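Model the placement of chain B on the given structure of chain A, informed by the hints.
If you read the protein sequences in the order shown, they are chains A and B.
The opening residue of the first sequence carries number 220 in the working numbering; numbering runs sequentially from there.
The opening residue of the second sequence carries number 24 in the working numbering; numbering runs sequentially from there.
Derived by calculation from the structure, the hints in this document are not laboratory data.
Quick caveat, the model's predicted, so the values are computed rather than measured.
It is possible that some hints are incorrect.
Stated by the list, open to error - Under 8 Å between C-beta atoms, here's a sample of chain A residues computed to sit facing chain B:
no.	residue
1	306
2	371
3	388
4	396
5	400
6	406
7	407
8	410
9	411
10	418
Said to hold, decoys possible - Using 30 Å as the maximum straight-line C-alpha spacing, the simulated DSSO-like pairs for lysine-lysine come out as follows:
no.	chain 1	residue 1	chain 2	residue 2
11	A	317	B	65
12	B	300	B	214
13	B	238	B	282
14	B	300	B	215
15	B	126	A	317
16	B	66	A	320
17	B	214	B	126
18	A	277	A	321
19	A	320	B	65
20	B	111	B	323
21	B	215	B	126
22	B	215	B	202
Claimed, not checked - Computed list of chain A residues with no C-beta within reach of chain B, every gap over 10 Å:
no.	residue
23	247
24	255
25	277
26	284
27	309
Yeah, the Cβ is synthetic: ideal placement off N, Cα and C, and Gly gets one too.
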Amino acid sequence: MSKILELIFDWSEVWALLIPLLFLIFGHKQPALLKPVIIYLWLALLLNLFGDIIGDFKRPYHFPQWLQSNNPIYNIHSVVRFACFSYFFISLPQPQFKTFKKIIVLVFLLYFIIDFTFFEHFFYFYHLSGNLLSAEAYLLLIYGMLYYLTVLNDDYDTAFKGPVFWIATGLCIYVVINFFVFLFYVPMITQNFKLALDIWNVHNAAYIILCVFITRALYATTRKYPITGN
Amino acid sequence: MQLLENIQLLEISLESRVIFGISGMVLLFTGFLTVFVVSQRKKLQYHKDLHALHEEHEQYLMQQNMLLEQRVEERTTELVFQKNELQKSLHELNRAQVQLIQKEKMASLGELTAGIAHEIQNPLNFVNNFSDVTIELVDELFENLKNNDRKEATAVADDIKQNLAKINQHGRRADSIVKGMLEHSKVDTGKKEPTNINKLAAESMRLSYSNFFAKDSTFSTSCETFFDNSIGEIDVVPQAIKRVFFNLFNNAFYSVKEKRDRLAATYKPVVSVTTKKENNNILIIVSDNGTGIPPKIFQKIFQPFFTTKPPGEGTGLGLSLSYDIIKAHEGEISVESVEGERTAFTITLPV
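Just chain A, with the same shape it has in the complex (with noise of 0.2 Å):
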């Protein structure tokens, strides 16, 4: 039963996906505003397929020596998320603080190229980019809180009821949760592989929430909340 319920907590990163796309193959038609985070979506069910079936059946299936790893799947989903996410959140219709944004891009290109040029190699097969990644949820952070801090100055009163706010919230809890867990990530496969494990489970149970804050966001924009920068 145990092993059923680590199976499916397993597979988390895939299945959870496939409630915000359910909802968008047989639900309304979504405004273009929420297209990032449905490119997104559709990248990352591609992306935590791919991982997940090398991540399981490398062995039993004897894959080639170059797909014995899905470390660099994970560097490349950071990537892509990180460029999804900053795309929505620039394109926001939200005046404020749109330089700063566009310089928060600059710092993450900045970061990967400095990181992987002296310090890490992309395709490192044993361990993911553990920087690259809580580097990314710093950033991604960063834009959640300009988010919110554009809304609490505005004078808008749907903003917690809104799409925007469901992703931005989602995104953030996720960010918020994973930040130590990538920061600590490759440190704790060496010394405790054990706790690695199982504090993936944690990052998968956040994943989980950050699409059903997605989903909950495609939701809103059939309601009559206007889609707005709120």
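Just chain B now, with coordinates in the frame of chain A:
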């Protein structure tokens, strides 16, 4: 060494760091999110209250508007009704005024007619008496012709001729009186024509006096005229000016009659008319030594319907109409009076 040991004691394990880190972040974010949601809810409540207040104000404003519109409508209806009533009253007033003016004219004509009747009576008496005598003389003439008394017949014929001349003379006088009456009653054409003011004044004075004499045979007053013959003829509407003169003389004779009735023998009534030329104007002064005008009514005498006469004797339009007529001739009419002693109306007409 001791310090290094202390630092090692403070060292936290990786597991704890991860757990503390995650818990701290989650706690911080939960706190932030709670504050955010509470703040947004407060904002929402504030907007709701504001909206409710706005709606309440709007409703109140709408109610006030409706009430105001209703009041305006009511007031408009009331004003329209009042306007119609006023127009109706004004129309009736105009009609009444026209009727009163007509009445004044008729009264004036009636008074004039009485005077004229008395004026005509005298020549008619002459005509009747002389014609009776003439008939007898004609019979006498026939008898003398039958007796061939030519000398006597010639004398009688001379008498007949003289009688016929007198009949003719008195007939002409009656004719002139009738013409004068017709002139007075002639419709006012409003056209100016050269008019002898002296003659017009004298005629008006005589007619007015005759009118008073016809009513009261004991009435007697001294009528004096001081005419400036150099004024000649001036362009006026004769019927209108004659009406003015007639009104002024009527007032003058009425005034002296009133005073005479009060003072009896000790009083010698005098009514006079004076004309004179002054610069480019002609002055006509009608004066009397009657009762005068009390100072308190001095300002009112030219007002329409103002009269001091007993009811039925005056309409109060005489002086008002006179004032209007003189103003229409671009002239002036003024009055000077000492109560109980005298009154003088002065008309100034441009040449």
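Hint-by-hint comparison with the structure:
1. The closest approach between the C-beta of residue 306 of chain A and any C-beta of chain B is roughly 23 Å, which is over the 8 Å cut-off, so the hint fails.
2. A distance limit of 8 Å between C-beta atoms decides the matter here; for residue 371 of chain A the minimum to chain B is near 6 Å, and the interface restraint holds.
3. With a least beta-carbon distance of about 7 Å to chain B, the hint placing residue 388 of chain A at the interface is held under the 8 Å criterion.
4. Here the hint on residue 396 of chain A is kept, as its CB sits about 6 Å from the closest CB of chain B, short of 8 Å.
5. Checking residue 400 of chain A against chain B by beta carbon gives a least distance of about 7 Å; that is within 8 Å, so the hint holds.
6. Interface restraint check: residue 406 of chain A against chain B, minimum CB-CB distance 6 Å, threshold 8 Å, status holds.
7. At a threshold of 8 Å, the smallest CB-CB gap from residue 407 of chain A to chain B is about 6 Å, leaving the interface hint in force.
8. Look at residue 410 of chain A: its Cβ gets to within about 6 Å of chain B, closer than 8 Å, so that hint holds up.
9. For residue 411 of chain A, the interface hint holds, the least distance from its beta-carbon to any beta-carbon of chain B being 6 Å, beneath 8 Å.
10. For the restraint placing residue 418 of chain A at the interface with chain B, the shortest Cβ-Cβ distance is roughly 6 Å, inside the 8 Å limit, so the hint holds.
11. A threshold of 30 Å between alpha carbons decides the hint, and for residue 317 of chain A with residue 65 of chain B the separation of about 27 Å falls inside it, so the pair holds.
12. This hinted pair checks out: residue 300 of chain B and residue 214 of chain B have alpha carbons roughly 23 Å apart, not beyond 30 Å.
13. The suggested pairing of residue 238 of chain B with residue 282 of chain B holds, with an alpha-carbon distance near 17 Å, which does not exceed 30 Å.
14. For the suggested pair residue 300 of chain B and residue 215 of chain B, the alpha carbons sit about 20 Å apart, so the restraint of at most 30 Å is met.
15. Distance check on the hinted pair: residue 126 of chain B and residue 317 of chain A sit about 97 Å apart at the alpha-carbon level, beyond 30 Å; violated.
16. For the hint linking residue 66 of chain B to residue 320 of chain A, the alpha-carbon distance of about 26 Å falls within 30 Å, and the restraint holds.
17. Taken as a hint, the residue 214 of chain B and residue 126 of chain B pair is honoured in the structure, with Cα atoms around 23 Å apart against an allowance of 30 Å.
18. For a cut-off of 30 Å, the pair hint linking residue 277 of chain A to residue 321 of chain A is broken: about 40 Å separates their Cα positions.
19. As the CA atoms of residue 320 of chain A and residue 65 of chain B are separated by approximately 28 Å, the hinted pair is consistent with the 30 Å bound.
20. Between residue 111 of chain B and residue 323 of chain B, the direct Cα distance comes to roughly 28 Å. Compliance with the 30 Å bound is thereby established for this hinted pair.
21. With a CA separation close to 25 Å, the supplied pair residue 215 of chain B and residue 126 of chain B stays within the 30 Å bound.
22. With a C-alpha separation of about 19 Å, the suggested pairing of residue 215 of chain B with residue 202 of chain B holds against the 30 Å cut-off.
23. The beta carbon of residue 247 of chain A sits about 26 Å from the closest Cβ of chain B, which is more than 10 Å, so the claim that it is off the interface holds.
24. At the 10 Å boundary, the C-beta of residue 255 of chain A stays outside the reach of chain B, the nearest C-beta of that chain being 23 Å off.
25. For residue 277 of chain A, the shortest C-beta to C-beta distance to chain B comes to about 27 Å, beyond the 10 Å cut-off, and the non-interface label holds.
26. Even its closest Cβ contact with chain B, about 31 Å, leaves residue 284 of chain A beyond 10 Å, as expected for a residue assigned away from the interface.
27. For residue 309 of chain A, the requirement that its beta carbon stay farther than 10 Å from each beta carbon of chain B is met, with the minimum near 21 Å.
The structure shown violates the earlier hints numbered 1, 15 and 18.
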